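Same order as they appear, the protein sequences are chains V and D. The first sequence: position 248 = 248 (this note's numbering), numbered continuously. The second sequence: position 220 = 220 (this note's numbering), numbered continuously.
In short, the hints are calculated from the structure, not lab data. One or more hints might be untrue.
Taking lysine to aspartate or glutamate pairs in the DMTMM-like style, the calculated list, with each CA pair at most 25 Å apart, reads [as the list claims (entries may be wrong)]: (1) LYS24(D) with ASP324(V); (2) LYS123(V) with GLU51(V); (3) LYS316(V) with ASP412(V); (4) LYS24(D) with ASP334(V); (5) LYS111(V) with ASP352(V); (6) LYS111(V) with GLU51(V).
From chain V, some residues computed to sit far from chain D (all C-beta separations above 10 Å) [unchecked claim]: (7) ASP18; (8) LYS117; (9) ILE190; (10) TYR231; (11) ALA340.
If you only want the chain D side, here are some residues facing chain V, beta carbon under 8 Å, derived [claimed, not checked]: (12) LYS26; (13) PHE29; (14) ARG32; (15) PRO36; (16) SER119; (17) ASP196; (18) THR199; (19) HIS200; (20) GLU202; (21) VAL270; (22) MET274; (23) ALA275; (24) ARG278.
Predicted, not measured: the structure shown is a model, and the values here were computed from it. No residue lacks a Cβ here, since even glycine has one placed at the ideal position from N, Cα and C.
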Amino acid sequence: MSFGMKTFYNGTSFPRADIPMPDNDTFFQGVLDSITAGWRVCSYFGVPNAEGATLYCIMSARSGSGVLGVVATTVGRSFPSLAALCPQLHLFEREIAEQCLTRPEGHAWLKPVRFQKPLCEGKGFWSAADGGGLLPAVMDFYRVEGDEVHEVAVGPVHAGVIEPGHFRFQCHGEEVFHLEIALGFQHRGIERALIGAPTPRTMHQMETIAGDTTVGHGQAYCMNMESLGGYFASPRAETVRGIALELERLANHTGDLGALAGDVGYLPTASFCGRIRGDFLNMTALLCGSRFSRGLLRPGGIGYDCDASIADELHKKLHSAREDLTGAVKLLWDTPSVMARLEDVGIVSEKDARDIGLVGPAARACGLNRDVRCDHPFGIFRMSQIPVVTATTCDVAARTRLRWLEAERSMDFIDEQVRHLPRGSYRNQPKEIVPDRCAVALTEGWRGEICHVALTDDRGRFERYKIVDPSFHNWNGLGLALRNQQISDFPLCNKSFNLSYCGFDL
Amino acid sequence: MTNSIIHILLALSMPPLLLGVIGKTKAAFAGRVGAPFLQPYYDILRLLQKGTVFSTTTTWVFRAGPIVALATTAVAALLVPFGAHPAPVSFDGDMILYAYLFALGRFFTMSAALDTGSSFEGMGSAREATYSCLAEPTLFFALITLSRLSGSFSLSPMLVNISLGVWLDTGAALLLLVGGMFIVLLVENCRIPFDDPNTHLELTMIHEVMVLDHSGPAFGIIQYAAALKLFVLGAFFVHLALPYATGNPLLDWGLFIISMLELAVVIGIVESVMARLRLIRIPQLLVAATILAAFSTLLVIR
Numbered sequence: 001m002s003f004g005m006k007t008f009y010n011g012t013s014f015p016r017a018d019i020p021m022p023d024n025d026t027f028f029q030g031v032l033d034s035i036t037a038g039w040r041v042c043s044y045f046g047v048p049n050a051e052g053a054t055l056y057c058i059m060s061a062r063s064g065s066g067v068l069g070v071v072a073t074t075v076g077r078s079f080p081s082l083a084a085l086c087p088q089l090h091l092f093e094r095e096i097a098e099q100c101l102t103r104p105e106g107h108a109w110l111k112p113v114r115f116q117k118p119l120c121e122g123k124g125f126w127s128a129a130d131g132g133g134l135l136p137a138v139m140d141f142y143r144v145e146g147d148e149v150h151e152v153a154v155g156p157v158h159a160g161v162i163e164p165g166h167f168r169f170q171c172h173g174e175e176v177f178h179l180e181i182a183l184g185f186q187h188r189g190i191e192r193a194l195i196g197a198p199t200p201r202t203m204h205q206m207e208t209i210a211g212d213t214t215v216g217h218g219q220a221y222c223m224n225m226e227s228l229g230g231y232f233a234s235p236r237a238e239t240v241r242g243i244a245l246e247l248e249r250l251a252n253h254t255g256d257l258g259a260l261a262g263d264v265g266y267l268p269t270a271s272f273c274g275r276i277r278g279d280f281l282n283m284t285a286l287l288c289g290s291r292f293s294r295g296l297l298r299p300g301g302i303g304y305d306c307d308a309s310i311a312d313e314l315h316k317k318l319h320s321a322r323e324d325l326t327g328a329v330k331l332l333w334d335t336p337s338v339m340a341r342l343e344d345v346g347i348v349s350e351k352d353a354r355d356i357g358l359v360g361p362a363a364r365a366c367g368l369n370r371d372v373r374c375d376h377p378f379g380i381f382r383m384s385q386i387p388v389v390t391a392t393t394c395d396v397a398a399r400t401r402l403r404w405l406e407a408e409r410s411m412d413f414i415d416e417q418v419r420h421l422p423r424g425s426y427r428n429q430p431k432e433i434v435p436d437r438c439a440v441a442l443t444e445g446w447r448g449e450i451c452h453v454a455l456t457d458d459r460g461r462f463e464r465y466k467i468v469d470p471s472f473h474n475w476n477g478l479g480l481a482l483r484n485q486q487i488s489d490f491p492l493c494n495k496s497f498n499l500s501y502c503g504f505d506l
Numbered sequence: 001m002t003n004s005i006i007h008i009l010l011a012l013s014m015p016p017l018l019l020g021v022i023g024k025t026k027a028a029f030a031g032r033v034g035a036p037f038l039q040p041y042y043d044i045l046r047l048l049q050k051g052t053v054f055s056t057t058t059t060w061v062f063r064a065g066p067i068v069a070l071a072t073t074a075v076a077a078l079l080v081p082f083g084a085h086p087a088p089v090s091f092d093g094d095m096i097l098y099a100y101l102f103a104l105g106r107f108f109t110m111s112a113a114l115d116t117g118s119s120f121e122g123m124g125s126a127r128e129a130t131y132s133c134l135a136e137p138t139l140f141f142a143l144i145t146l147s148r149l150s151g152s153f154s155l156s157p158m159l160v161n162i163s164l165g166v167w168l169d170t171g172a173a174l175l176l177l178v179g180g181m182f183i184v185l186l187v188e189n190c191r192i193p194f195d196d197p198n199t200h201l202e203l204t205m206i207h208e209v210m211v212l213d214h215s216g217p218a219f220g221i222i223q224y225a226a227a228l229k230l231f232v233l234g235a236f237f238v239h240l241a242l243p244y245a246t247g248n249p250l251l252d253w254g255l256f257i258i259s260m261l262e263l264a265v266v267i268g269i270v271e272s273v274m275a276r277l278r279l280i281r282i283p284q285l286l287v288a289a290t291i292l293a294a295f296s297t298l299l300v301i302r
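Input sequences plus hints: build the corresponding full structure.
See below:
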């Protein structure tokens with residue numbers, strides 16, 4: 001079912017001339033057919049030009065084959081919207097409308113995504129609505145009207161120390177009919193800044209796309225640079241990258257388990273996990289001196305070698321952190337009042353999850369077997385695989401338990417890798433990247449699939465560097481999880497997804 | 001006279017200490033050091049020194065909320081006997097006044113919350129009204145039982161009457177009462193499993209969300225009034241649960257203070273070992289509390 005898509009494997013690059021450019025009808029019908037046949041959209045974006053835009057669609061085959069596909073087409077000021085048939089395209093089409101000034105005809109929910117200026121010259125579709133300036137969350141929200149229906153607005157300033165986002169609930173008493181999420185407060189213009197890159201600054205920008213996913217995004221960027229430049233990271237560097245990626249997953253999953261316990265008012269696990277998360281962050285600091293992995297990943301390898309004494313200490317620390325975490329998390333399963341609070345809350349059905357294209361733990365908790373580490377192996381995961389964990393109850397309890405099971409697998413993985421670090425250099429010399437090529441890299445960050453697409457121009461500079469953070473796929477999942485739930489369960493559902501605001505806002 | 005002065009001094013000075021003890025207990029369970037015992041006092045003093053910001057959409061109702069809440073609770077504190085000592089103010093039927101002083105305070109807190117026009121505070125008021133309605137029958141069944149046991153309509157004789165002897169005679173009824181009243185104590189004071197006083201999640205709050213718009217001294221008054229309410233309801237509860245008396249006035253005051261601290265530790269333990277209930281489950285537990293109290297009434301009336 002690849003209707004002449006260019007197929008390739010994760011972390012490779014190919015000449016841009018190889019990307020098929022069928023006419024509009026073939027393109028849209030082909031994308032539609034592929035999605036119906038089980039392909040999934042990883043990235044769908046436009047490169048604006050004077051008359052419209054060139055749309056690129058990167059798709060992933062059903063798990064097993066490890067194949068990715070790319071196809072493109074040129075459109076004018078409008079293109080047919082497929083969102084009604086394929087809900088997973090809904091946000092991508094809004095993003096294209098906002099960035100490239102081309103209108104998805106027939107889109108039922110055409111609203112700004114990040115309230116950003118278009119990437120090309122011209123006036124955005126929504127500029128007039130708020131008097132010229134684009135202010136986040138200034139838009140028409142969906143409204144429910146009737147007796148006893150009321151609206152609750154939360155944010156962008158929240159009571160906790162979290163990022164800004166605006167949530168609009170349509171409630172009937174305590175029951176939520178609909179939740180609409182408006183983001184964009186953290187928009188920093190990363191994609192705009194990457195046009196004409198790479199520069200020495202680019203790696204640092206990648207590390208801060210989402211501050212808690214430094215390794216996930218860093219790895220994707222390094223893979224793109226390596227495939228565009230035609231060089232490789234050594235096995236030793238790939239192993240340390242893998243360890244860092246899993247440490248990042250461990251730190252965040254631990255933090256989430258603690259935060260979930262805290263949200264239901266269960267203090268012991270909340271307090272212990274807060275501390276143990278610090279232990280994992282400190283292990284990351286052992287590798288590179290930064291608790292958030294800044295400076296660890298570099299194109300061609302890693303910034304700091306991991307010598308035997310560091311590996312030993314990592315091994316020891318992991319062992320004690322594992323004991324602590326096991327004890328703290330066991331308390332959760334053993335406390336009936338906690339489980340009663342988590343079960344049957346915030347359910348996203350498997351069908352909905354598949355339709356809207358959830359990724360990462362949120363998708364696996366709905367029974368979808370989706371994990372880039374297995375589906376499209378990269379780096380060390382080509383040699384040493386981590387079993388995929390799935391759950392079937394689709395509720396907050398599933399997302400909680402899944403985090404713990406994944407944490408266990410990650411600890412097993414690090415435990416094994418750290419004892420068998422390959423010898424060799426830790427950093428190969430980077431080379432200049434090649435002009436007129438396209439590179440695609442997928443990694444499994446702790447929130448799910450991260451997709452970076454690089455298109456180089458004839459001078460070997462990025463004409464477009466498209467980033468898709470897992471949060472981009474998943475925010476709509478949170479909205480669905482809240483349907484017909486108690487509004488007081490929102491914080492718990494939100495925490496069970498724990499999505500990134502800045503990763504979405506870019 | 002001396003007893004009345006000690007009563008008033010204790011009621012004024014001790015309530016925040018209970019919060020400090022609860023906090024320390026929870027910290028111990030979580031493996032932390034925790035804030036000092038006196039932290040709630042520092043917090044209230046800090047708030048009292050601050051300025052207050054009033055929203056322009058609010059009226060006098062908003063300002064009256066904290067003051068009425070404190071005043072009603074303080075009057076209720078005069079009606080409840082502490083330990084073996086009768087209360088400074090006592091008359092026939094004061095138990096009804098006691099129950100509805102809290103209702104009056106709650107009415108003004110809820111009105112103040114509605115006065116802000118905020119959707120959060122509206123939700124908080126709705127929740128508070130629902131749960132307090134469901135908690136009220138339990139309190140009244142308890143009062144009926146106690147009144148029957150002591151043959152009096154006044155709180156002081158009613159509560160001081162409870163002793164080890166009464167427990168030996170009607171232990172079953174009192175046990176049911178202790179169960180029901182402990183639930184009322186937790187729900188009225190917004191403790192886990194009903195409400196989480198430490199949460200920052202405004203959508204899940206009951207009591208805390210109603211006072212979000214108060215600041216400075218007004219908020220300090222609210223915190224103090226909340227501590228006082230815990231103290232007053234706690235004093236009622238320890239009469240039922242820990243009815244020991246020696247006959248020596250000074251020793252009895254000591255015993256009272258110790259039982260109050262024990263109660264704080266028990267609340268701290270309950271908060272540490274369980275999570276919050278889902279909001280829709282709270283009515284079920286409150287109905288259960290009413291049933292417990294109703295059965296205890298049945299037992300003493302038959």
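Results of checking the hints against the structure:
The hinted pair formed by LYS24(D) and ASP324(V) meets the criterion: a straight-line CA distance of about 22 Å does not exceed 25 Å. About 14 Å separates the Cα atoms of LYS123(V) and GLU51(V), which keeps this hinted pair within 25 Å; it holds. For a cut-off of 25 Å, the pair hint linking LYS316(V) to ASP412(V) stands: about 13 Å separates their Cα positions. For the hint linking LYS24(D) to ASP334(V), the alpha-carbon distance of about 24 Å falls within 25 Å, and the restraint holds.
With a C-alpha separation of about 22 Å, the suggested pair LYS111(V) and ASP352(V) falls inside the 25 Å cut-off, and the hint holds. In summary, the hint linking LYS111(V) to GLU51(V) is supported, as the alpha carbons are separated by about 22 Å, within the 25 Å threshold. Every beta carbon of chain D lies more than 10 Å from that of ASP18(V), the smallest distance being close to 51 Å; the non-interface claim holds. Distance check on LYS117(V): its Cβ is at least 33 Å (rounded) from any Cβ of chain D, clearing the 10 Å threshold; non-interface status holds.
Distance to chain D confirms ILE190(V) as a non-interface residue, since its nearest Cβ pair spans about 30 Å, more than 10 Å. No beta-carbon of chain D is positioned within 10 Å of the beta-carbon of TYR231(V); the least distance is around 48 Å. For ALA340(V), the non-interface assignment is contradicted: its Cβ lies about 7 Å from the closest Cβ of chain D, within the 10 Å cut-off. Given hint, LYS26(D) at the interface with chain V, holds; its Cβ is 6 Å from that chain's nearest Cβ, closer than 8 Å.
Against a cut-off of 8 Å between C-beta atoms, the interface hint on PHE29(D) holds, since the closest Cβ of chain V lies about 6 Å away. Hint on ARG32(D) holds. Least Cβ distance to chain V is approximately 6 Å, under the 8 Å limit. Of the supplied interface hints, the one on PRO36(D) is violated, with its beta-carbon coming no nearer than about 18 Å to a beta-carbon of chain V, more than 8 Å. Hint on SER119(D) holds. Least Cβ distance to chain V is approximately 4 Å, under the 8 Å limit.
At a threshold of 8 Å, the smallest CB-CB gap from ASP196(D) to chain V is about 4 Å, leaving the interface hint in force. Interface restraint check: THR199(D) against chain V, minimum CB-CB distance 7 Å, threshold 8 Å, status holds. Below 8 Å, beta-carbon pairs count as interface contacts, and HIS200(D) has one with chain V at about 4 Å; its hint therefore holds. At its closest, the beta carbon of GLU202(D) sits 6 Å from a beta carbon of chain V; the interface hint therefore holds under the 8 Å criterion.
The beta carbon of VAL270(D) comes no nearer than 10 Å to any beta carbon in chain V, farther than 8 Å, and the hint placing it at the interface is violated. With 8 Å as the threshold, the beta carbon of MET274(D) comes within range of chain V, its nearest partner Cβ sitting at about 4 Å, so the hint holds. Residue-level restraint check for ALA275(D) holds (minimum Cβ-Cβ distance to chain V is 4 Å; threshold 8 Å). Restraint check, ARG278(D) versus chain V: the minimum CB separation of about 6 Å is within 8 Å; hint holds.
Hint compliance for this structure: hints 11, 15, 21 are not met, and every other hint is.
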